[in-house]
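Enquirer: Listed below, chain by chain, are the residues.
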Amino acid sequence: MEKEWMNEALDLATEAVEAGEVPVGCVFVYNGEVIAKGRNTVNETRNATRHAELNCLDQTAEWCKENGQNFATVVAAMKVWVTVEPCIMCASALHSLNVAAVTYGCKNDRFGGHTSVLNTAVLYPEPSPMVGGLESDRAMQLLKDFYKGTNSNAPHPKVKKDTAITRLTIKQDSVTQE
Amino acid sequence: MYGKRRKTDSSSPVSDGTQHEEHEVLENWHLRPVLDDDVMSDYIQLLDVYVDRVTDPKHTSRLIRELNAVWPIPSLQHLKRVSKSEVILDLAAEEGTPEICIQKLKDRGLDTAGLGCAPRRLQVPAMPPKTRRHYQEAIKLWPCNFHENKYLEKVLSGRLFNNADKLEQQKYMKKCLEAARHSFESGGAGVGALVVDPAQKRIIAIGCDDRGKYPLKHAIMVVIDLVSHSQGGGAWNVGDKQYFYEGEGSRERKAHVQDTVSDPVTVTRIEGVSRFESVQKQSSGSAGLECGSGKHSIIGGFDTQAKDVSESSDSCGVIYSDPVPRTSQYICTGYDVYVSREPCTMCAMALVHSRVRRVFYGCASPQGALGTNIKLNTLKCLNHHYEVFAGILEEECKCIETTWQNNLAIQV
Numbered sequence: 001m002e003k004e005w006m007n008e009a010l011d012l013a014t015e016a017v018e019a020g021e022v023p024v025g026c027v028f029v030y031n032g033e034v035i036a037k038g039r040n041t042v043n044e045t046r047n048a049t050r051h052a053e054l055n056c057l058d059q060t061a062e063w064c065k066e067n068g069q070n071f072a073t074v075v076a077a078m079k080v081w082v083t084v085e086p087c088i089m090c091a092s093a094l095h096s097l098n099v100a101a102v103t104y105g106c107k108n109d110r111f112g113g114h115t116s117v118l119n120t121a122v123l124y125p126e127p128s129p130m131v132g133g134l135e136s137d138r139a140m141q142l143l144k145d146f147y148k149g150t151n152s153n154a155p156h157p158k159v160k161k162d163t164a165i166t167r168l169t170i171k172q173d174s175v176t177q178e
Numbered sequence: 001m002y003g004k005r006r007k008t009d010s011s012s013p014v015s016d017g018t019q020h021e022e023h024e025v026l027e028n029w030h031l032r033p034v035l036d037d038d039v040m041s042d043y044i045q046l047l048d049v050y051v052d053r054v055t056d057p058k059h060t061s062r063l064i065r066e067l068n069a070v071w072p073i074p075s076l077q078h079l080k081r082v083s084k085s086e087v088i089l090d091l092a093a094e095e096g097t098p099e100i101c102i103q104k105l106k107d108r109g110l111d112t113a114g115l116g117c118a119p120r121r122l123q124v125p126a127m128p129p130k131t132r133r134h135y136q137e138a139i140k141l142w143p144c145n146f147h148e149n150k151y152l153e154k155v156l157s158g159r160l161f162n163n164a165d166k167l168e169q170q171k172y173m174k175k176c177l178e179a180a181r182h183s184f185e186s187g188g189a190g191v192g193a194l195v196v197d198p199a200q201k202r203i204i205a206i207g208c209d210d211r212g213k214y215p216l217k218h219a220i221m222v223v224i225d226l227v228s229h230s231q232g233g234g235a236w237n238v239g240d241k242q243y244f245y246e247g248e249g250s251r252e253r254k255a256h257v258q259d260t261v262s263d264p265v266t267v268t269r270i271e272g273v274s275r276f277e278s279v280q281k282q283s284s285g286s287a288g289l290e291c292g293s294g295k296h297s298i299i300g301g302f303d304t305q306a307k308d309v310s311e312s313s314d315s316c317g318v319i320y321s322d323p324v325p326r327t328s329q330y331i332c333t334g335y336d337v338y339v340s341r342e343p344c345t346m347c348a349m350a351l352v353h354s355r356v357r358r359v360f361y362g363c364a365s366p367q368g369a370l371g372t373n374i375k376l377n378t379l380k381c382l383n384h385h386y387e388v389f390a391g392i393l394e395e396e397c398k399c400i401e402t403t404w405q406n407n408l409a410i411q412v
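Residue numbers (UniProt numbering), protein chains in the order written: chain A, 1 to 178; chain B, 1 to 412.
Treat the hints with care, as some may be off.
[As the list claims (entries may be wrong)] Some chain B residues judged to face chain A by a derived CB distance under 10 Å, without partners named:
#	residue
1	P215
2	S228
3	S230
4	G234
5	W236
6	V238
7	Q329
8	C332
9	H353
10	R355
11	A364
12	Q367
13	C381
14	L382
Calculated directly from the structure, the hints in this document are not laboratory data.
Backbone N, C-alpha and C fix where the C-beta goes; we use that ideal spot for every residue, glycine too.
Work out the full structure, taking the sequences as your base and the hints as a guide.
Expert: Structure representation (structure tokens):
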């Protein structure tokens, strides 16, 4: 089942590529049901904070309204599947809302809020458990392909030919990276 | 952060006279920069080295030359090799002894003539001093090189902003406080935030915390989204008493949803806004807004922008405002943010993503990430760094913040 949710998140990340957004996808599962699924919409909204996780949280609020549920209760029992380690902002948001669990795919060397850049869990009294590494290669491949290809909104710095592809994701300068 | 900057801030293209028509008085508050701990620290890092006496001064220059050749110490390049009649021989490891130290240098071919050959341990500055204050401490211990960062010294000494700048800051914070009070009354956390384009002294958006309706609607998140609205984007509906300003040709348009004339508070606010707009028109009209044909790009970070400001102020007095912000303005690049209390980690990171230039906040908050729990603006591995200043109208801000925290405690 775990893999299935992550597959769905990866599909959303693929969809993000088609929309010219950084490929990060996310699904929220509550009582075995997907209640929110989202991807980055940074370029579309002109808002650098519109990451997949925050979009899903907005959807969750909508879902709660439609289904007459309490947001805080749902969120506290909800599991998050996201293709890339949540950034410091998203990780903080998830911790502050006490989501039940977060599973992510690959690491986020530039902004990661689990272990990569800042361990945000220590800043919250009841942090949400986070685990990484599920389908990590596929998630990373999407990012690599994205930065290798054409992101119409990202500036294209000169990259030395011998630079390893993994460094490309680090060097590319775009706020849309999550 | 706080790297070298070109001439900056106080020299703004729009004259101050028009901005302070109400003869605002500077109230009693103290602005403090939020800087890296190692810049602010009262102590400098030290480390142990072996130094030895030069018994015959005739040998001094030869000894320095030979020591630098046979045993250079790359990590101590900020220090002179010699001080008065002593030279640095080597870093002193814990288990090292003076004898081993001398023997090692001899083995490498040092001619110890003129040297006392009785090294002693001494503590010297471990790092190049970053500030003049640290430099003055450092040279008490050992002669040291120092490359002054003029911008940083200005920040540290409080010379970065003049009275006109402070009045401007106070004016913006008052607007934040107004929004904060509204937030408090409508079930938010009592926080107000404002985004301004400092190059034109133009307010882009005013927003307030609305977490009573949705827990992620912190003032900063709201105001960032309002800026997106001003660029034709945005994700959230514009809330009650939240504003963004949209460029439309040379005219300003205020966008405000759920605005009702029956609400007296709203009416006064609109009047305030139109006054602001007329000031904008006056100042731009007199300076010749549409001079030249070029669109000054304000994309690309502080340096470019600072240059643009000074260049345009030389030639025509004001930056040409691109009527189509969608292409000219890239999220919040170059903008300054004012907020009544210190942002939390989520909001502080949202400001990194949005690439703001400076963040000014009123008072600290227990969840704060720009000074209280961490200083997110000093995390070196992030790809963007903004400057942070705290303390504008601190007491007033603290008053609202304390009320909110007390209410929170009662609820729990």
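Enquirer: Are C332/B and chain A close enough, Cβ to Cβ, to be under 10 Å, as the hint says?
Expert: 8 Å, holds
Enquirer: Does Q367/B hold up as a contact with chain A if the rule is Cβ-Cβ below 10 Å?
Expert: For Q367/B, the interface hint holds, since the closest Cβ of chain A sits about 8 Å away, which is under 10 Å.
Enquirer: Close enough to count: is the Cβ of G234/B nearer than 10 Å to one in chain A?
Expert: Where the cut-off is 10 Å and the nearest Cβ of chain A is about 6 Å from G234/B, the hint holds.
Enquirer: Hey, does the W236/B contact hint survive, CB to chain A under 10 Å?
Expert: 8 Å, holds
Enquirer: Would the hint on S228/B stand, with a C-beta cut-off of 10 Å toward chain A?
Expert: S228/B check passes; min Cβ-Cβ to chain A is 4 Å, inside 10 Å.
Enquirer: Taking the least C-beta to C-beta distance, is L382/B closer than 10 Å to chain A?
Expert: Status holds, d = 7 Å.
Enquirer: If you take the shortest Cβ to Cβ gap from C381/B to chain A, is it below 10 Å?
Expert: Hint holds; C381/B Cβ to chain A Cβ min 6 Å, cut 10 Å.
Enquirer: Have a go at the R355/B hint: is there a Cβ in chain A nearer than 10 Å to its own Cβ?
Expert: Holds. Min distance 7 Å.
Enquirer: Measuring from the C-beta of H353/B to each C-beta in chain A, is the shortest one below 10 Å?
Expert: Holds, because the Cβ-Cβ distance from H353/B to chain A comes to roughly 4 Å (cut-off 10 Å).
Enquirer: Hint check: is the beta carbon of A364/B less than 10 Å from a beta carbon of chain A?
Expert: With Cβ-Cβ at 15 Å, over 10 Å, it is violated.
Enquirer: Next item in the hint list is S230/B. Is there a CB on chain A closer than 10 Å to its CB?
Expert: 9 Å, holds
Enquirer: Checking hints one by one. Is V238/B an interface residue toward chain A, by the C-beta closer than 10 Å rule?
Expert: The hint is violated - V238/B has no Cβ within 10 Å of chain A, the shortest such distance being about 13 Å.
Hint compliance for this structure: hints 6, 11 are broken, all remaining hints hold.
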